[in-house]
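Undergrad: Taken in order, these protein sequences are the chains called A and B.
The opening residue of the first sequence carries number 1 in this note's numbering; numbering runs sequentially from there.
The opening residue of the second sequence carries number 1001 in this note's numbering; numbering runs sequentially from there.
It is worth saying that the hints were derived from the structure and are not from the lab.
Hints may contain errors.
Listed next, with one range per pair, are the computed distances between beta-carbon atoms [what the hints assert, rightly or not]:
#1 L106(A) / E1029(B): 15 to 25 Å
#2 L152(A) / L1003(B): 35 to 45 Å
#3 L106(A) / P1100(B): 48 to 58 Å
Yeah, the Cβ is synthetic: ideal placement off N, Cα and C, and Gly gets one too.
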Amino acid sequence: MSSLLELALSCLRVGTFVFGGGPALVPLMRPDVVVRYGWLTSYQFNDAVALGQVTPGPLLVTATFIGWKVGFDAGGPWAAVLYATVATVCIFLPSFFMTIAASHQLGRLRGNPRVQQFTKGVEAGVVGLIAAAAVQMARDTIGSWPQGILCLAALTVLVRTKVEAAWVIGACGGLALLASFVGVW
Amino acid sequence: MFLSYLRIGATGFGGPMALVSLLQREFVERRKAVTSEEFAEGVAVGGILPGPIAIDAAVYIGYRLRGWLGALSAAGGLILPPFLIVLVVTPIYFWMGRLPEFEGFLSGVRPAVVAVIAAAAWRLGKKGLTQLSGLSIAAFVLVASLLCARVNDLVPGWEWLQHAAPTIKALSSVALILASGLLGLLVRQQPKPPAEPKEAKA
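Isolated chain A (complex conformation) (with noise of 0.2 Å):
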C-alpha cells in the first residue's frame, strides 16, 4: 500500500506546481516516476505523455496510465483501476481548490503587482524546465539517427505549421512502421 501513498503524494506535489499548463507535468513527474520510484522506464514514460496526447482533454491524464502502471504491479487490475483513479483525483485536486478559493479573491489576485511579477517569473521559468525535459527525454529515448532526424521533422512541422501534435505523433509513428517493414529503419 506504501506504494499508493507515494503515488497520491507524488501527483498532489505535481498538481500544486504545474504551472503554464500541461507540458509542465513532464520535468515535474519525471524524476519521480523514471528515477526515483522507477515506476516506468524512460520510454514508457516517453508512451505515457504520447497518450496523454492523442487522447482529449488535458495532457495530466498522463498520471492516470502512470498509476495504472503502478497499480497493475502492486495488485493486479483492480488495483490498477484503483491507483489510475488516485493519481488522477490527486493531479487535479490541489488546481480545484485554488480555482476556488481564487475564485473569491480575483481581483485583489489578479491587481497585486507581486502575484503579477511571480507568475511572470514562473512563466519564464516553466519554459527552462520544459526545455530541459525535452533534452533530457531525447537522451533517454532517441536512439539512431533516423530517429534523430524524424525528431528534428517533427519539431519543424510543430513550429511552423499549426498541426495538432496528435497527428504529427500518428504520422511518425505510422511512418517508423512503414520504415522498418522496408527495413530502412
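Once you have looked at the hints, place chain B on chain A.
TA: Same frame as chain A, now just chain B:
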C-alpha cells in the same frame, strides 16, 4: 451542466486552447450562462494558477454558477471522458507491447513526443520571453535543471552529494519553479537579474 461538460471533455482534442474555445462556445455563446467578461476572468485565473487552463476556467465558471456542485461537475465532466479512455487504452498498450510491429510504431512515436515537448517550450518561450529578464530566468532554469539531473556526476568525490542525489533530482523542478518566481520578484526591483546557482539545490 454536467452533461455539457462531459461532451466538451469527450471532444476536446487539440490542446488547452481548443478546450477553452469549446467552453466559450457552450457557456458564453450558446447558453449565455456567463458574459464574455466573466469568461475572460475565468481564463485569466486559469493562467495564474497551476493546472490546465481550461479545467481551471471551467471550475471557475461552474463555481460561479452553481457553487461547489457546479465546480465538481465541471471538473468531473471534463476529466471523466479522457480518464476512461486512458483507462481502456493503457492495458491495450501493455498487451500490444509484445508485438514487434507495435515496437516499430513506437520507435517513431518517441522522437515525435520529444518534438512535441520541445515545441511546447518554443511556443511558451515565444509568447512569454519577450524581455531579457525572462530570457535569463529561462536560461538559468534550463542549465540548473540539466545540472540537477546529472548531479551524481558533478563532484564524484562528495559522498553526501551522492546520498542527496535522488532527493535533489525529485525536488529540483519544484525548487526551480519557486526560485524563478522569486527571481521574477527580484528582477523588477533590480535592473539586472541575479543568477544564484546555489538556490537551485536548496
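Undergrad: Which constraints among the numbered hints does this structure fail? Numbers only, ascending.
TA: Going through the list in order, the structure violates no hint and respects every one.
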